[in-house]
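Trainee: Sequence:
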Amino acid sequence: MKINGIAQSIVDRLVEQSNEIGQGRGVGAIGMISQDGNIDALSPIENGGISGVPFRRLLSKMVDMEGRSILEGINQLPDNIAVIVTDPGKTGLIISTGLINLFNVPVINIGIKAEKMVGVGILYPQSHLFDLATRSEKNQIEILGASSMEEEREMMKASSKLHLEYLDICEEVPVRDIPENDFRFSEKPWNLERIEVKSIAKEFADTLIAQSSSIEQGRELAAMGRVDQNGHVYQAGEIVVGGMGYVPSRLLASSFTDISGKSLRQVYTEDVPNDAIIVHTHPGGTGVMHMGDAMAGPGTWGRAIIAIGHNRHGELRGATAIELDPKVAELADEYEDVGQKFFLAATPEEEADIRKKRFAIVQEYTDLCKPIEII
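So the number in the working numbering is just where the residue sits in the sequence shown, counting from 1, plus 4.
Errors might be hidden in some of the hints.
[To be verified] Calculated pairs, DSBU-like style, for lysine-lysine (alpha carbon to alpha carbon, straight line, at most 30 Å):
| id | residue 1 | residue 2 |
| --- | --- | --- |
| 1 | K206 | K331 |
| 2 | K331 | K192 |
| 3 | K361 | K374 |
These are computed hints drawn from the structure, not numbers from a lab.
Work out the full structure: start from the sequences and follow the hints.
Mentor: Here it is, written out as structure tokens:
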């Protein structure tokens with residue numbers, strides 16, 4: 005749906021709150037698109053934290069997020085919405101597809117300089133933009149796989165050309181003097197079934213380890229699996245070679261289903277079945293996972309994640325799983341809450357306590373790792 009404009013009063017309120025919290029922090033909210041194509045209603049505004057606008061806090065102002073993944077929260081919202089964020093110090097130009105990939109709705113960026121709005125950029129979910137994101141992920145992985153200086157140089161040139169393409173993806177949206185309405189909607193119930201993981205097929209684990217041991221040390225591999233009625237995981241997708249300590253999200257999804265022209269929200273809502281699971285390697289580890297793993301799987305997409313640990317000789321060290329457990333959401337909520345308190349610290353001692361609390365929450369994610377059998 006083409007957005008014809010956004011209410012001046014909405015822009016003013018977002019800019020005012022962003023200026024009020026200061027320190028270069030942006031704010032975010034969900035805007036409602038009217039039948040006329042104007043954004044004339046706004047959800048409660050959420051302040052940005054250390055890592056930008058905390059999405060769980062933003063969503064919890066509108067829908068029930070207790071024990072839920074971010075995907076479950078987003079899918080409870082109506083279709084006629086847009087994500088709106090402020091960007092202090094910038095002009096409103098959008099050069100990233102991250103938010104449209106996650107929300108699959110228009111994204112609006114309000115640029116602020118000298119405490120005044122200087123531009124309002126908009127990015128629509130479009131097939132070619134999702135494909136551009138896939139190309140970017142492939143390019144980064146290809147750079148890691150370069151076997152000579154000349155090969156890496158050519159791949160870096162391709163990367164620079166891709167970066168230039170991102171400069172032309174943003175449009176502008178007019179700010180209009182139109183009346184503002186109340187933000188009202190009816191939730192759409194949407195939940196994923198909670199599935200218990202007990203074991204993984206040895207053949208699946210061995211295949212991952214064998215390929216992991218044959219490439220550059222430290223690079224992770226991943227593939228999608230599926231869980232049967234006994235909690236046993238077997239391979240269901242092709243193996244994807246990732247980077248140092250990560251596997252690109254779109255490439256991982258593409259190993260299981262056709263993601264051409266689709267956002268990750270579309271893929272995990274419509275194409276990836278409920279019993280799908282993410283399985284990846286931890287070269288040099290034993291399978292113990294961290295916060296990043298938890299949020300990449302159950303925290304964001306509502307799917308369990310498994311890590312297979314092995315040493316440089318290809319010897320299995322262990323396997324653990326983090327399921328879509330209420331504790332994952334609880335820790336994520338705590339982490340976002342503490343992140344907001346960071347800016348309220350009045351003394352070095354208070355800030356130190358907050359930083360320690362954030363670190364303690366990160367440590368708690370390791371306790372969610374459940375050892376599973378390899379049979």
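Trainee: Now look at each hint and say whether the structure bears it out.
Mentor: Verification of the supplied hints:
no., hint, in the structure
1, K206 x K331, "28 Å, holds"
2, K331 x K192, "24 Å, holds"
3, K361 x K374, "23 Å, holds"
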